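One letter stands for each residue in the lines below.
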Amino acid sequence: MLESYSGISKKAGMPPGSLVHVGDFDEEDTRISVVDYSPGDLEEPVVETVEDLLKFRDKKSITWVLLEGLKNVEVTELIGRHFDIHPLVLEDILNTHQRPKFEEYDDYLYIVLKGLTVADESVANESVAPDKFEVNYEQISILVLNDFVFTFKEQKDELFLPLIQRIRNQTGKIRSLGTDYLTYAIIDSIVDQNFVLLDTMDERIDAIEEELLDDPDSCTLTSIQHLKRELIDIRRATSPQRELVAAILRSDHVLFSEKVDIYFRDVYDHVLRINESVDSYRDMLAGLLDIYVSSISNKMNEVMKILTVFASIFIPLTFIAGIYGMNFEYMPELKWKWAYPTLWVFFVTIPVALLIYFKKKKWL
Amino acid sequence: MLESYSGISKKAGMPPGSLVHVGDFDEEDTRISVVDYSPGDLEEPVVETVEDLLKFRDKKSITWVLLEGLKNVEVTELIGRHFDIHPLVLEDILNTHQRPKFEEYDDYLYIVLKGLTVADESVANESVAPDKFEVNYEQISILVLNDFVFTFKEQKDELFLPLIQRIRNQTGKIRSLGTDYLTYAIIDSIVDQNFVLLDTMDERIDAIEEELLDDPDSCTLTSIQHLKRELIDIRRATSPQRELVAAILRSDHVLFSEKVDIYFRDVYDHVLRINESVDSYRDMLAGLLDIYVSSISNKMNEVMKILTVFASIFIPLTFIAGIYGMNFEYMPELKWKWAYPTLWVFFVTIPVALLIYFKKKKWL
Amino acid sequence: MLESYSGISKKAGMPPGSLVHVGDFDEEDTRISVVDYSPGDLEEPVVETVEDLLKFRDKKSITWVLLEGLKNVEVTELIGRHFDIHPLVLEDILNTHQRPKFEEYDDYLYIVLKGLTVADESVANESVAPDKFEVNYEQISILVLNDFVFTFKEQKDELFLPLIQRIRNQTGKIRSLGTDYLTYAIIDSIVDQNFVLLDTMDERIDAIEEELLDDPDSCTLTSIQHLKRELIDIRRATSPQRELVAAILRSDHVLFSEKVDIYFRDVYDHVLRINESVDSYRDMLAGLLDIYVSSISNKMNEVMKILTVFASIFIPLTFIAGIYGMNFEYMPELKWKWAYPTLWVFFVTIPVALLIYFKKKKWL
Amino acid sequence: MLESYSGISKKAGMPPGSLVHVGDFDEEDTRISVVDYSPGDLEEPVVETVEDLLKFRDKKSITWVLLEGLKNVEVTELIGRHFDIHPLVLEDILNTHQRPKFEEYDDYLYIVLKGLTVADESVANESVAPDKFEVNYEQISILVLNDFVFTFKEQKDELFLPLIQRIRNQTGKIRSLGTDYLTYAIIDSIVDQNFVLLDTMDERIDAIEEELLDDPDSCTLTSIQHLKRELIDIRRATSPQRELVAAILRSDHVLFSEKVDIYFRDVYDHVLRINESVDSYRDMLAGLLDIYVSSISNKMNEVMKILTVFASIFIPLTFIAGIYGMNFEYMPELKWKWAYPTLWVFFVTIPVALLIYFKKKKWL
Amino acid sequence: MLESYSGISKKAGMPPGSLVHVGDFDEEDTRISVVDYSPGDLEEPVVETVEDLLKFRDKKSITWVLLEGLKNVEVTELIGRHFDIHPLVLEDILNTHQRPKFEEYDDYLYIVLKGLTVADESVANESVAPDKFEVNYEQISILVLNDFVFTFKEQKDELFLPLIQRIRNQTGKIRSLGTDYLTYAIIDSIVDQNFVLLDTMDERIDAIEEELLDDPDSCTLTSIQHLKRELIDIRRATSPQRELVAAILRSDHVLFSEKVDIYFRDVYDHVLRINESVDSYRDMLAGLLDIYVSSISNKMNEVMKILTVFASIFIPLTFIAGIYGMNFEYMPELKWKWAYPTLWVFFVTIPVALLIYFKKKKWL
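If you read the sequences in order, they're chains A, B, C, D and E.
Going from the first sequence to our numbering is simple: count from 1 and add 4.
Going from the second sequence to our numbering is simple: count from 1 and add 4.
Going from the third sequence to our numbering is simple: count from 1 and add 4.
Going from the fourth sequence to our numbering is simple: count from 1 and add 4.
Going from the fifth sequence to our numbering is simple: count from 1 and add 4.
These are calculated hints, taken from the structure and not from any lab test.
Computed from a predicted structure; not experimentally measured.
Accuracy of the hints is not assured; some may be wrong.
One copy or two, either will do: identical chains are not told apart, so a pair holds if it fits within one copy or between any two.
Said to hold, decoys possible - Heads up, simulated DSS-like pairs for lysine-lysine below, C-alpha to C-alpha not over 27 Å straight-line:
hint, residue 1, residue 2
1, LYS263, LYS105
2, LYS177, LYS75
3, LYS63, LYS263
4, LYS177, LYS364
5, LYS160, LYS59
If we strip away everything but chain A, and leave its shape as in the complex, we get:
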């Protein structure tokens, strides 16, 4: 499930800007990593407290601060105080039920996205049916300042590792460009993650389609329904991304130079493609449901034909046998010598005639 409202509804009634963490992930502590780089220089210092970050403010380098795990509310609060972030923004960072959005402030930009990953358990865990898969919806917040970029993730994972590798590589273009390009690179990493998800979705739909042609059972229906529901959630996470990237493209904030626009246009294309895919998966699942329903009807048809063939053949014969089982005193046929063999002729020809009739009706 994308979200249960249990958390949010309990928050109803609090004043705005109340910093309370609302989320589904249970990361105990917050991990802070820093990548500080300029064209010629790279530093990855060990950072324990928020105060350790302040010294980078005076440096002319670009500082990317990665925070993983949001349970420790104080860290976010301290960053807010030191870097002068609006309390509502801090609240949104911690309350992980935000819609993807892009907000411009005088000194900084705030971007929220959903990182979609296929949950590992659904692969590892044996008890889960193979055609069910869980999607993790992780909220990733990005704060873009003049020469600082903060990313707030709910989970500790290696999503940004390839990007950090590219920064470490001194000849990479990323080293020579500003925070806007870094922001692009971060968003691009998150958006491209969706393609992995769509790959998995693709496989599942193909698997169901095969199952449908092979031997559909009520399990197949549950699988279709499960995917449909997951798709509703995925759609809710991916469809506002379109609007988000479009807003970035429209924006003329000083922090975003025009040179990066072409890169964001590229992300925009990816987002469009993802949304189109999600829409066509929706159509495909609707199609699969149609096949499923028809296949049930087809099966019942077949069952009915068998019953009808059996009943239609033997019920008349049983009647004939019943006639000559009667005990009347005056039944002349009973005494005829050839009566019994003659009856056998009927017993053979009637079924044969009916079978030919059913054959002609294509029931056999």
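Once you've looked at the hints, dock chains B, C, D and E against the given chain A.
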């Protein structure tokens, strides 16, 4: 039901501005409460009549007047006269079948919203099926003047209690801000109430889904249909909120300072999320209906298979027994010594063969 | 039915402006009534011919001319000539298959609306099924001039009586305002009439829903379908009203002062609400159809279960009885003393066992 | 069918402006008629070749050239050369698979429309099922020049005859107005033709509805499907007309004076109404399909009930008869004197009891 | 299938501008052809390496470079370096999962399209069912420079041969116009290719429709579903073309002169028509599915009727025969002389009566 038109249709033909209360709640008298505050001061005077409010007009403080229960039309009429409110606005306050809307006048603003709460009876009352729940649609009108805010509620409840608590707390930000921020806080309280409703909705949908997988009956269909209908009503109440908050954001009325925009943007996000949830619940219910219909077909399939298996096995056997129940004089088999045991071989092998056949067809 | 095209298609090929009455109502003659009023004065003269109206042109009062029955084409033609109305407008007044619309001319405004009323016959007539109701779609044209308002109705009824009463009341606000306010009052009367219709619709849907839970038959389907079709027509009549009132609000024609805008905004809200209701009725009817279809399947399921239970129990028993009805000479069981009572044990235990089995499958 | 692509796809690969006739009508030769008129003068000369038209270029009258039959490509080519028409326009005139559109050029305007007529054969031809009807989609191109109007039709018919009659009538308004009014009159003739089609559609839908209530068979389904498909095509032909007339209304080309706008607004209303009708027919057909599907289920239900009643009554009775048909030596009942009559009591009471039971279940 | 994401998802994490070929076609080497022309001159030189192209840069002629096969990444890279193309554009050319789009750069334009062709194998290969057809989705990129046009195709085929022929023809209009007209001609070739596809689609739908009326089986359902799925993909490829050509029409880039606009408007019309056709095919397939589902129900109905007729006729008769098969000592009827013939009267009249009854119910 969201509304029955019986009330409104009877009003058809009256001149505009006729002050008649049209509503579903039976609160006898109107309760007037007042919270008057400034950064350093807080007063919660007991107020009996509308005239008691007039003295606050000269005070430089912000005065929030809470009216609960609309049956007493005179109260609204007096407020209209003293504070110079257009008769059509007064009519809209009393006629509780308004669409959520935002209207700007020269000296004041008028906002109508629907407060959605899960009816308590549906929890307490034993006779109501547990998976049915009634939603109360209470109309809440907000009048924003220069340093007055009026809220007109149909019911007496504790919806605004947490907000009043925040005002009582002297260090709260709300004390130092104007009527626009108070308006925001009121709307936020009402909108966030919807999350509680969505929580309940969520639980009911999950319960129905479990029921469907377990043992669906015609009751399940009624539950799905009931939720669907409730959702149509919820949608009608929540979807105009989007437009409403967007209109507030676009507005450049003097009573709304730009500083509060960021808070309304937050409410806007909530409203968007609520609407998206309602839409996805709709999709989910459609999916549940599909499962229900398929499960009925599946059940019938199963019934048909049992019938077919029984009939196909015993009908031919009965025919065979019928043959040797005939009374012909010349039936040589009847005299054979091993005829009867031989027949038993058939009586055993035919059903076994048919059972193997049905097994292969996966009917058993 | 909203319209049959038989009339219009026959008109195809005529030059524009040909004044031919096309309509479904058979009012023989045209009734002309006049209400002439100013703040201090009220006159309701008897008017026989169009020429009688001309004297009011020089008076400074507001003259409302009500024409009921359109068969007498000359009346409309004369009004057109005397008040200088474009022939195409006159044609639209007489051809009662117009879409609701608002057209601005230099000296006058032309508004067409559909007045929806529940046909009386459908209540009075016994032969009509009680859950069928016919809707009358009457075209009402409004011509707004400087100090003249013409309304052209197809039928003679008392739709405008309450409004005339309000004008007669000397203290009424309507007496002191201009033709624009009168126009508003007329449109408001027509639009509010829809609420009465929606009330009836509401009752019918509730009745069908009860019928569905009670005992649906093929009649229920016809009722649903009838309402659905009626709703398609209602929608076609009400949905352009939205656009119409919006156009009036946008208009800056000299005949409409800004002061009346607030009243039209009120009408606009009503129109929005009517359209939303029509849409949600549509959804509800779709839901009812789903229930109907499922209930048929449920019923068939039940029938099949009865058949299966009967057949599965008695077919095997009949076979057993058949075995011992055979006439073989060598059937040792026939001679055993306890054979017959033993068989009765089977005759009792087999059905009991099967009944328990079916009970467990929840078929009984 | 609206179009088969066989023609167009073969044209793929040709240079633009290649003049090849692509169409479904087999008119051998092209008929050229001319109506040349001014307020005081009317001429209808016999015209054989395109060159004959050139002399009207110097006359101050309005010349309407009607071309019927497009197989003779040279005629179109010559007109193009003499009146300086862009090759692409000529290509569109000849390739009769254009979408309805309106194109403005410096010296002329180009309008393409679909003329929809019910094919005569479908009425005359006995072999065609009466509820099937074919629609002819004829492309009509209109070229509007300064004082020339060309209409290119695929077929020779009398569509424009009433219009020509109006021109012949010297007192007609059309004589005194320009090419823009003539263009309006031509488009109006074509658009109004659709009402005739809708009339036929109306009748067919009513016929199907009656059939459905009476005795639906698989033929009914085919009829519904046929109408549905025809409606898809009609929609494709009529829905771009809306856009087309709107484009004409927006246009400020010198050839169209503002005075004609009111007439085009009238056409626009007609087009809107046609499109709304097509949409509601679509909804109605969907409703009819629902009834059809339900009626099949209802029928099956009835069949099943008959079977169940018969089987449930006689199968137990047959079993009882079977018991006393057994040949055991020790069956005391066989010797009782009143055994047989007693059994008859059962034979009568059991069916009666079951019939009452089924009656109560409303199966009979 | 339009695309599997396996390729793209593996690319996730790479820096932008990484030149890696992602595609489904296995063309080993890249074929470079060149058509260099001016009004008076035509050259088709053999080109081996990218460097061979450079000499045409100084010539005043238009040079069209056709590249077929994208596996050889270096070729694209070299072109990018020599002609100063942005790395992201080069990446898009090689990654063949782009959405159709149009991008403007200072010195050049970049257009991506999907070329849709019916796969030849599906015709040639015998093992493929005749009503299944595979569509090839080939990405075609067009780079428009000042006097260079590059086309990048995935496959080697003869799509552009007719166009090259037109260039070879010295009198052709294309020789005298610029790169913008060439671009138009290329896009037109690609778009018109879709009509061939629609032709095939048309034939398949007609074939399925015939099959449905003749004798539908579960294969028919698979065919419908297959077409539906293919249509989803086709739609995804063709629907962005509309936007693309509209963007070209809106563009005021120096490389596109206004004179070519009329040609692009023509392409735009084609694209609209293709999209409308795809939409109506969608509707048609939905209609075919409805017929299929109904035909299954109809078939089951027929089967049930046969069963009911047989069972209803013979079950009562068998019971009667059963009665007189009983062995009671006191059964007076058994001794009557006319009992047996009398019974035969029943044996004949009962079935006849029932058959008449069923006939009246139209079951036979």
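Okay, the hints, checked on the actual structure:
no. : hint              : in the structure
1   : LYS263 <-> LYS105 : both (22 Å within a copy, 20 Å between copies)
2   : LYS177 <-> LYS75  : between (35 Å within a copy, 25 Å between copies)
3   : LYS63 <-> LYS263  : within (24 Å within a copy, 33 Å between copies)
4   : LYS177 <-> LYS364 : neither (74 Å within a copy, 64 Å between copies)
5   : LYS160 <-> LYS59  : within (25 Å within a copy, 56 Å between copies)
Consistency with the previously given hints fails for number 4 only.
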